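Visitor: Residue strings, one per chain:
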Amino acid sequence: MSQTVRIESVVKEYGNFRAVDNVNLEIKPGEFFTLLGPSGCGKTTLLRMIAGFNSIESGKIYFNDIEINDVPAHKRNVGMVFQNYAIFPHLSVRDNVAYGLKARKVKGSELTERTDEAMKLMQIYEYRDRQPSQLSGGQQQRVALARAVVIHPNVLLMDEPLSNLDAKLRIQMRTSIKKLQKSLNITTIYVTHDQEEALAISDRIAVMNKGKVEQLGEPKEIYMRPANTFVANFIGTSNFLHGEAENGVVNILGKVKIPVKIKNGYKGKVVVSVRPENAALRSVQEGMLKGKVLFATFLGDYVNYEVELEDGSSIEINEYTSNMDHLRKSGDLVGIELNTNRITVFDDETKNSIMVY
Amino acid sequence: MKNIGGKFQKLQKHLNFWNLVILIFLVLSAIFIIYPFGKMFLQSFTSATEEGFTLANYKTFFQKKYYYTALFNSMKICFVTTILATGLGVPLAYIGTRFNLYFKRIINIMIVLSMLSPPFIGAYSWITLLGRAGVITKLLASIGIEIGSIYGFKGIILVFTLKLFPLVYLYVSGALSSIDSSLEEASESLGVSGIKRMMKVTFPVIMPTILSAALMVFMTSLADFGTPRLIGEGYNVLPVIIYKEFLNEVGTNPSFASALSVLITLIAAFVLWVQKAIVDKKSYNMTALRPPVPVELPVGKKILATASVFIVAFLAVVPQITVVVMSFIKTRGPLFVRGFSLESYQNILSKLSTNIKNTFLFSILAIMIIVIIGLLGSYVIVRRKSKVTSFLDLLLMFPYVIPGSVIGICMIVAFNAHPLVLTGSMWIIVISYSIRKLPYTMRSSVGILYQIDHSVEEASISLGVPPMKTFFKTTMFLMLPGLLSGAILSFVNNINELSSTIILYTGKTSTISVAIFNAVNNDAFGNAAALSTILTFSTIICLLIFNKISGGKSVVG
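Residue numbers (this note's numbering), protein chains in the order written: chain A, 3 to 359; chain B, 717 to 1273.
Source of the hints: derived by calculation from the structure; they are not laboratory data.
None of these values were measured; they are calculated from a predicted model.
There could be a bad hint or two in this list.
One-sided excerpt, in silico: chain B residues whose CB lies under 10 Å from chain A [claimed, not checked]:
no.	residue
1	PRO920
2	VAL1172
3	SER1176
4	ILE1177
5	SER1178
6	PRO1182
7	LYS1185
Cβ atoms here follow ideal geometry from the backbone N, Cα and C, with glycine treated the same way.
Full structure from sequences and hints, please.
Guide: Right, dumping it as structure tokens:
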């Protein structure tokens, strides 16, 4: 049975330092929920509080409405996958996978069947009698996964499980993990600092920074409608342009005026975020920002331009090769067309989004 | 009402197994480390001649020439030994690691064997060879060559240097093998190669290791009792006069011996402080991704290099070889007569079987104790870090600065009266052995635990195995090979130990080392040889077991 995980006003303190600062989250049954953020944001700390390895200074955590604050880690029935796999080096693959089942006094044919099933699911059955030292990183991670899911945990917790693998393997594994999770329907909480990974596998993402949740939402929402400049910058790439907004119009760098759907009656200094794919290079013309191409980097399916603006700052613009007019060179003078439906406007002081969707 | 329940719950939480362990260890440390050393320390301020607190003992030491020369002598021995052992060990280590030599395995075995054997066997062996009636002495005299006396200062230096240079050799070899090749390749590519590179890059990088090894040599030569006593022939060093004064004060409170003990401990503590202050600061953490590849020399140079290392290594094991050979020769008192004989063995097995039994019994009991302490102690120090456990760590390391003789005296001072009388029993010796090896065991156990990934334990807990069961089922299992190999080395040290045993033993609790000592003093050289051979072979067997368990790890870790 997949469970709900509710995190209510949870605080983790080390002396005077708040690693987790009043976090409120509710994770739905069977959901693939990711805690995403830079190093030190509190995501792993929070995960370990759910696992039972970190104490909870204040607030409560519930599994399916049962408060688990005082339940010791070994009684929480969580499956945990660690960044460095944490496979028992002295046990074979089979004994590693069977470890949790044996602890639950599962014996005989049930033990063998469930262990074999998990190993076949993670495609490690052929290595069942090998020692961990004879396995590659990817294989060890699959053993760790099999070991964690075979016990039918309430919640599956994963702490940056793919960070130690090479790039190509990482992409393969994250697809496997996603498929596995969907088929088993276990509530999963996943920690990563890799925003691309988070976007690819999550049902919902909580972006964290300095112990707080900056934004909670589905990947598309987080990417397209960032709640503040931190999220806009952390996810994908953002160009930030300064301007002023009044009466639903943003004046960028004092050069172009663009209509935007912002809060009624807002007037003040703003920061506008434009992603590289939401700007295009045109010939120099009225009503567009002017710029000079500094670098053009051909990357196969798209070209990455670094363009200098009139105020000396520079922005990045990506153009798909199939869409572009022609390849620009350094020194070219260009006009920059912004996709006004896809820009986000933030108040310059609070850094929060003032968009109305 | 609710508050009391809450408080009781909190108390229960604190009354868990590990806190109990910490408590028990603190109590045991108080009884067997703080109390003995403290009592001895206080005793040094009492005197047979004066009432109450007095500095009489210390005054006597610094005023009487007989005593303060012992201090100078000790310092002389230590410094000269350290310089020679280092001067020998470092170049040999360089040759041994950087070049492909013939017989490399045999050389290593010889070096490790000489390091593990007790120095006093070396002392008496060299006497057998180069003493007044020595085999080689007579041989050379018959062809007209007179060699000088080996007794006194020269003999002590000879024995110590040959016994202790392996320490430097092994440590420095280890360091040289962990320099990543890229360090020296970078130097070469920048134009500094050959000897200059050796002086500017290689040696500075291994300097902390050289200094650490040198300091260990210093402390070992400072504390050794058997060698100066046997071959020194009246050359007074601190451990020897401590022993003499202790014998003088038997039946009374050994206050003067206590004062001497405090002094020698202070010197050892100072040396340790120097190490912490200077060496530790400069230590470099090196793990070689690409360790240096030994260079293949042209045949002529290869023979030369091999010969130089081989000869020195061979000299280091000459005592052991001598002793084994001697044990199978007929004896008449101090003289060896031609002819193979098992007489010596028959003698010792009939008369000294208790000693043999005691040596192994005491040592095994001691390592059982220290393995348990090492296991539990390292866990609380590493996984349950707190101010209390850091203090406990310090306490358990304290015996490191206390020379063997001093531990013996501390034990006597503490346990020859109520409330706890242990003198004369075997337990005082077992406890003494345990305390001596405690620092080494703690350091190596802590090191082992640090290498075990904490997440492996957390994985076990998350899978449903409670923390305590996880420890005994998984962590302990993973620590065992390291713990056992450390225990074996401690066992070897214990069976060979003399400095504290000679002070603590009685008729029923005598050991092999004491028997050897007495046999040499009584000119029963055959018995001494047979007993020494038993120790040597036990050492070799332990070394083989150690290699098996530790999978080729170095003896100096």
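Visitor: If any of the earlier hints don't hold here, list their numbers in rising order.
Guide: 1
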